[in-house]
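Given next are the chains, with one letter for each unit.
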Amino acid sequence: MNGAHDLGGMHGFGDVNPEQNEPVFHAEWEKRVLGLFVPVSAVGPFCVDEFRARIERMGATNYLSTSYYEHWLHAFETLAVEKGCVTKEELKAGKSFTPRGESTPPVLAKDVPYISSHGSSARIDEAITPKFKVGNLVMVNNNHPENHTRCPRYARDKLGSIEKDNGVFVFPDTAAHGQGDNPQHCYSVRFDAKELWGSDASEKDSVYIDLWDDYLTLA
Amino acid sequence: MSDHDHNHDHANSRPLTDVELRVKALEQVLTEKGLVDPAAVDALIETYETKVGPHNGAQVVARAWTDPEYKKRLLINGTEAIAELGYSGIQGEDMVVVENTSNIHNVLVCTLCSCYPWPTLGLPPVWYKSAPYRSRVVSQPREVLKEFGVELDKNTEVRVWDSTAELRYMVLPERPQGTELLSENELSSLVTRDSMIGVEVLKKAESQGVSE
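Chains A and B supply the protein sequences, listed in that same order.
Residues 1 to 219 (our numbering) make up the first sequence, in order.
Residues 1 to 212 (our numbering) make up the second sequence, in order.
No wet-lab data here; the hints were simulated from the structure.
There may be inaccurate statements among the hints.
[Claimed, not checked] Derived DEER-like restraints, expressed as beta-carbon distance ranges:
no., chain 1, residue 1, chain 2, residue 2, range
1, B, E186, A, P45, 29 to 37 Å
2, B, P68, A, E28, 42 to 50 Å
3, B, N77, A, R100, 44 to 52 Å
Using N, Cα and C, we set each Cβ at its ideal position, and we do this for glycine too.
Could you put the whole structure together from the sequences, leaning on the hints where they help?
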């Protein structure tokens, strides 16, 4: 999706303004949102690609005028409703309209040390033939899907070289929309800064982007 | 406690904002349905506020500076080498470590969202998640680095890593000169979050200088 989230190379956002001695959180509600990520994604359930796709669809103006944890909140609300966990009316009222079931929450406090220290890899242990080898020159396909993709706009139609095969991973473009993992190789692809940004860029500089088989064509 | 009290911030007794009300509502509804355990939310907050942070990554860097065999393993398989020190987990499942040297400078970004190696660096700072950094560091890395106080020689090679997939990157900063006699523990205290993102070059701390 050619959304406002796809920021690489855009102009007009001003200077980077690092905050000195920045706290981990800036408000209590941010903490609750961070803490809800693991429990809510287990309840949906939903994967990180589905989560990102909902953020990307919140609308360009809304995306740019809200903070990181507001993006998360939007995705939680949207997915909790889409997955049938809650209704919009319940969220508006701030209370459940159905009696509490017998279910135990899928993530309990005692599970947190294990979950936070193990995570869940998107790597898939499946023998799939890679389409490319290290050293291959590749063109990034010039596609503009309206759905979720992890192929940034600034890389499309650009020439790069395969630097490393990272192995087989879930393909976000399908996983984000309930169309399966579509496992395939994901590579670290190197682009000369001049190829991406033109003659003003330094010939010394490069950008490395992780791209999947389906984004690339042998040059 | 009345509903009225629930909708106020107790610290300064102001009405809750729209966002605060939405967060409360979401957690409340999911809790009432037996889907979310608020104690699990508390435990996750505590984990990322107090346990996981850049002090973890600093241990990895200090080990790599003092143990050449560890450094070799770290650069070949970041995930396994970092796991040796116990810093695995969410948003660090598949790690790649890139080394800064006298002529190569690596810097990290996620232009599409804000991917960041949580187990070693903690949660990302606001500037890393914001539009100015994400839009500019891929196209104007030298200018952005200059704003952070890093002036690179024109012959230095700049490599920008855009974390578009589920690999998470971490920079192994160059060990500052004059730190040869420091212990691993002393070295780890020199390592900053920004140096592991690649927006800072470490200098020898004067207070820890070795006497001539």
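So, going through the hints one by one against the coordinates:
1. Between E186(B) and P45(A) the CB atoms are about 45 Å apart, so this pair departs from the stated range of 29 to 37 Å.
2. One distance hint, 42 to 50 Å for the beta-carbon pair P68(B) and E28(A), holds here, with the actual separation near 46 Å.
3. Between N77(B) and R100(A) the beta carbons are some 46 Å apart, a value that agrees with the proposed interval 44 to 52 Å.
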